[in-house]
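Enquirer: Below are the chains, spelled out letter by letter.
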Amino acid sequence: MSGDSPSAGAPEADSRPLPDEQPGPDERDHPEGRRNLEGIRIDPVVEAEHESRRAVISALVEDEPGVLARVSGLVSRRQFNIESLTVGPTTVDGHSRITMVVEETDPGIDQIEKQMAKLKPVISVGEVAGDAVTSELVLLKVEADDPAAVHAVSEMYDGRTVDAGPDTITVELTGDKASIDSAISAFDRFGIVEIARTGPTALARGDTPTAPGEKPGTAGEPTTHDD
Amino acid sequence: MSDTAAQPRSDADESDDGATEEPTDPDDGPAAGAVSTGAESVVAALEAAGAKTAFGVQGGAIMPVYDALYDSSIRHVTMAHEQGAAHAADAYGVVAGEPGLCMATSGPGATNLVTGIADADMDSDAMVALTGQVPTEFVGNDAFQETDTVGVTRPITKHNYFAGGADTVGDTVGEAFELSRAGRPGPTLVDLPKDVTQDETDRTPGPATPPAGTDPDPNADADAVEEAARAIEAAERPVCLFGGGVIKADASDEARTFARSYGIPVTTTMPGIGSFPEDDDLCLSWAGMHGTGYANLAITHTDCLIAVGTRFDDRLTGGIDTFAPEAEVIHVDIDPAEISKNVHADYPLIGDAGRVLDQLTAAVREAPDAAAWRDRCEEWKETYPLTYATPDDEPLKPQFVVEAFDEATDDDTIVTTGVGQHQMWASQFWTYTEPRTWVSSHGLGTMGYGVPAAVGARVAADTMGEEDRDVVCFDGDGSFLMTMQELSVAVREELDVTIAVLNNEYIGMVRQWQDAFYEGRHMASDYTWMPEFDKLAEAFGALGLRVDDYDEVAPAVEEALDYEGPAVIDFHVDPEENVLPMVPSGGANGKFAAAEDQL
Chain A
1 MSGDSPSAGA PEADSRPLPD EQPGPDERDH PEGRRNLEGI RIDPVVEAEH ESRRAVISAL
61 VEDEPGVLAR VSGLVSRRQF NIESLTVGPT TVDGHSRITM VVEETDPGID QIEKQMAKLK
121 PVISVGEVAG DAVTSELVLL KVEADDPAAV HAVSEMYDGR TVDAGPDTIT VELTGDKASI
181 DSAISAFDRF GIVEIARTGP TALARGDTPT APGEKPGTAG EPTTHDD
Chain B
1 MSDTAAQPRS DADESDDGAT EEPTDPDDGP AAGAVSTGAE SVVAALEAAG AKTAFGVQGG
61 AIMPVYDALY DSSIRHVTMA HEQGAAHAAD AYGVVAGEPG LCMATSGPGA TNLVTGIADA
121 DMDSDAMVAL TGQVPTEFVG NDAFQETDTV GVTRPITKHN YFAGGADTVG DTVGEAFELS
181 RAGRPGPTLV DLPKDVTQDE TDRTPGPATP PAGTDPDPNA DADAVEEAAR AIEAAERPVC
241 LFGGGVIKAD ASDEARTFAR SYGIPVTTTM PGIGSFPEDD DLCLSWAGMH GTGYANLAIT
301 HTDCLIAVGT RFDDRLTGGI DTFAPEAEVI HVDIDPAEIS KNVHADYPLI GDAGRVLDQL
361 TAAVREAPDA AAWRDRCEEW KETYPLTYAT PDDEPLKPQF VVEAFDEATD DDTIVTTGVG
421 QHQMWASQFW TYTEPRTWVS SHGLGTMGYG VPAAVGARVA ADTMGEEDRD VVCFDGDGSF
481 LMTMQELSVA VREELDVTIA VLNNEYIGMV RQWQDAFYEG RHMASDYTWM PEFDKLAEAF
541 GALGLRVDDY DEVAPAVEEA LDYEGPAVID FHVDPEENVL PMVPSGGANG KFAAAEDQL
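So the protein lines, in turn, are chains A and B. Numbered according to UniProt numbering, the first sequence spans residues 1 to 227. Numbered according to UniProt numbering, the second sequence spans residues 1 to 599.
So here's chain B without its partners, still in its complex pose (with noise of 0.2 angstroms):
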């Protein structure tokens, strides 16, 4: 990307490319305190604040907050596409529990981050996105590579900074961060014209802090705790239904501790998959459109509903006339905007998942007598297990892929998905254990952040020094060719990373639902113009290979895990099959298809 604006601040060693540069030792950058630009308070409020990785790709407007990043200890990871290095820097924070950074110039480096923010912003990830802008004097001029940024994201950020000067913007930056972090986390963007990280400043950021009024109190009133703790001691067929705000909270610890302590059968979530173990005897796996039959069955029938962190996305709910009908809802939010919005909660709890869940673990006296309750809750695991076909005749069952890989990893592999069935069965046909092992699309439903993601997912393990840590990638032909180019980017970095494309030659939901609701016409649904992903690995210098049959399998998943390095699997898998169970969109959880003549 060129540059019109502004001259280079400095020309110090013109043939190397800072961004790619090893990260130099921290203690050879500058004293903190000591800054001489806005672009390097910027990177002093990063640094101050925790950082220690960016996602990003350079230009024109960002070039002088690149340039202090040469001297800092902060590592950057050049994507090939911006809308990677937000994708990467969403999976990083998930995985590290720290926002994700990610960097852009001005204009079209900053449209190209906006579906990566807006992921983030539905997934209330925490993540903080810095954008190059051009100069002050020409803003609103529709200069060269000119976007209102700020107006842009607007909507799909927790906030969003115009940085104003030089002297003030390290307190922006550092403000930003530590808002995103805050309370419900979520995405913030800080819009730095080219001016203000060239102009001249000593002022060096002061301690960030949240702004007032974001960081709220995390326990939840007591009086409301007491009334919700008598609510589930008369429960008869209570229900926990853990959200994607306990793995956000750090409370998996204390979810379990709470759940086990009174016998209460857990479903979770899909953000919520692995805040609670999939193999304990109380999980009942995860509810929604394709959740599991006995979880939808259980939060239809529940008389009481223990919902943590989860604002009950149309995807878990149904028909919201049809939820969890009986149910009285106790409803655990850091975010007060969250009660009662979709469904309406009984007790609102406001507060801290974790610390929430530890007054209620304390305020519970006697536990529910829910004995009949989870031998009706077993008996549906029994009879709707998550289950398919595997006749020698017909084409590679994708479900055995993924079960595949499950068996031959350790329980803290990370998973990582692209948007469509391959990511349903990624997440029904896994047993996950551990939080921080899902990374995936919730809420925006985002194709192609299944290789970016990985990237982030990987940079995070390692940052953390779990080197050790498998990162799998399951993607569909149509998800990875979206982003695929960031295949590279694990290439140049060597990131061990293993990506499963699940190939069915379809965009394959689209398919499914075409079958379901459009009389099986498949409108741009049919992909068999999809290259040949092991050649195409090759070619970006990662491992290819091609499975067609169950035999193939095992050792394909055997020599990609131990590849060091990134590997690609092209698995040609069964075209037709179908996701299922299925709770068609807006019907009841309890009247879910089980097979697919009963959509």
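Chain A extracted, bound-state conformation (with noise of 0.2 angstroms):
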């Protein structure tokens, strides 16, 4: 196809500003208000940020292949603050928990809850409430040169010897996560060669279900379900 005859031109383009005729970015009413990074108004006069704060998340799920990995997954992916997670069965077949503890802003703790809902293998999760019972396992392994100073630090931690040899005894200790700290620090002067700790878990206290809807449950009842 060819054709020398002058522009049949746009339909209405004529009558319309052209783009350099238009007000620019300056000349136009701006809003004064504004939205901080987690898309909420600022107030002016009550300028409110977030701080991040550690919370321990708590989900049950169905014990389907890769489901840990569905919830890691999708907890590294969106880039939100891990600091541990456990996981391992209930009392019901086909059911694990997952708890979590993470260091994230109240609307970064909202997102995680709501995404992993999203998760199919996952039956219901929420964050566990703040005077909840929280443990954490660790393995420590010490040089043996002075048993005895090691069996006295042990004791004060309430912790329990697992292994004692010729070189070398592993010590296994549980609480909450300051007093696990301070133990390594206590043990750190006979020389710890090896450690391994879980991370903590958790429960709520009496009645409170863990998760949201959950109910006391044996092998063969669903625990929760709400539908």
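Think of the hints as simulated: they come from the structure by calculation, not from any bench. Nothing false has been slipped in among the hints.
One-sided excerpt, in silico: chain B residues whose CB lies under 7 angstroms from chain A:
(1) Pro-325
(2) Tyr-384
(3) Pro-385
None of these values were measured; they are calculated from a predicted model. Glycine included, each C-beta is placed from N, C-alpha and C at the ideal position.
Fit chain to chain and form the complex, with the hints in mind.
Expert: This is the structure in structure tokens:
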């Protein structure tokens, strides 16, 4: 196809002001308000910034292949700041509990819960109430130069010697994060050879369900299911 | 693709390629419930779920499923590449409102689907992908054509499954199908080890339902709706922002009723194009990076943003700090995780878009007093129209081509696009009035989406008995080159599609950014090595045309639209034309550049 005739012109184009005839960015009114990085409108009088805090999140999940990969993948690819992750079976066949400790702002914690809830194998998820029972396990292997002293420190922290040889002693300790941290510094002077920590796991106190909607369960009975 | 793993299930008629066979009469197929293998159970589950069409490519590990399709009512469209199968299935789903279905073999077949699955995931499109897998006993051994498909696709699917056995595979496929469309739609995948599909079973799949907890209550909390209604009544500068969720929920009617009942101006997101008619006085067209100036000014100055079915993507919001900074936000979404993810919702309404809009329409007792605001929006429309210069001595403007097609076609015409400048012009200079007529790659921005999407859209329209609708694909030269092999499918299947390549011999959006932000250093954006697309089209067996000047446009458009079958027009357009207006990445929507020297 060819043709030398002048442009037919675009319909209506001639009646429209051209881009460079339109007022520029600085010639327009702009509102004074703004939002913070979490999309919350900022009150100019009380400008609230969210501080990160430590939160324990508990999830009941279907014990199907890949469930831990789904949860950890979700957390890592959304760049949430995860401190620890523990997982283990519950009293119900086919259910596991995932306990996750995160360091996030309140909106971040809210998002973690909502994103986890979207995963198909996740039955229930929520933050464990502030006064929950939390505990972690650590196995410490120290040099056995002074067995009596190791034993003494171990007793101070309600620890248990699980292995003792001519060169090393292995101690098992449980407790909250602070007491574990403190025990590790106390053992430090013997020379810590190896260490394995689980990270905290947690249950809500009393009758409060640990994950929302959870009821005490036994094998064969679902612990929760709203639907 | 060769097959090392196992023997074919039967030796029936080896001279025919089952994949390209005409579908047989469904009455000739096995009676519902009479299955003998896992593969037949898969197909029975798909038929029970209402699947009518599949897009895919044959291969060793998926052969048993293809063999079972031989006797099925499901039409199979063999694509040139698995990426094309995924995009075609995606577009099919967008147009038909049903999950699209794509299939591939293990290993490279499955990995070739990945881009299309990720695209569907980003745009919340219902889609089911079936992939062959090496026999279970070889899984994890780096067997021939093995990939950990479940692992690879885990982050880009709503959920994926590894089929465990012939007795359960049908139920798994049925669940995957229902899950893909339940609640917020999205892609699901079932990985099918060859032994699972080959093994014998007489267990027919049961009725499929979405998994527990994935099909949420469609109605929003009544008290929350009342609170939102009071906020709408009190607003002075309300704006509706309708997203892709409105279209997915088939809620365009409810959206129109709501906005018109209360005289609230409407902007859409780019995926929301078509949810509200762009020729309506209330419509401000779409907002965001290359949205209209008036839409961006309206969302910048609104005091009450009624956002429905949008995830507040950064291409929409620009910098979060300046997005609708004075607005109380009412956010309607079926997915609770979208609430306050990017933009804080003052009034979260969790539910189905149509149902919640109905609830809101009923709950708002008095229209907001917004006459002055509507006048202001109207002034913005007059001050900042979409426009372009067309002097006689300049090369053909791409916007003119889009307008010429829009004028020559009916309102129900389906437009598909690749990704780049042409995509923006196709969305700016076409007046969309109906949902499911705009089919594009939004969240992932996948170059090459346009041609396979046109195939999927055409097949969907034909399947729905809408053979008279036009399907027009706007593509860029770079985008077209990525998936143009699917033109061979359009020719083979005699699909009536028109592909308009807006050829500027650049990867144009990159060139535009290089000019604006990289001192005009055109590193790897200069595409002067493009083939002659009209001749290439002819080589494929399609109609090929080339257009260089304004007066050639209308006759070529007419010829291509009249042609029964695939037609490609290679429009050689102004290589230096830019997409305007533009909000620089992370900038304030209200500070869009109307002209190039404002960038």
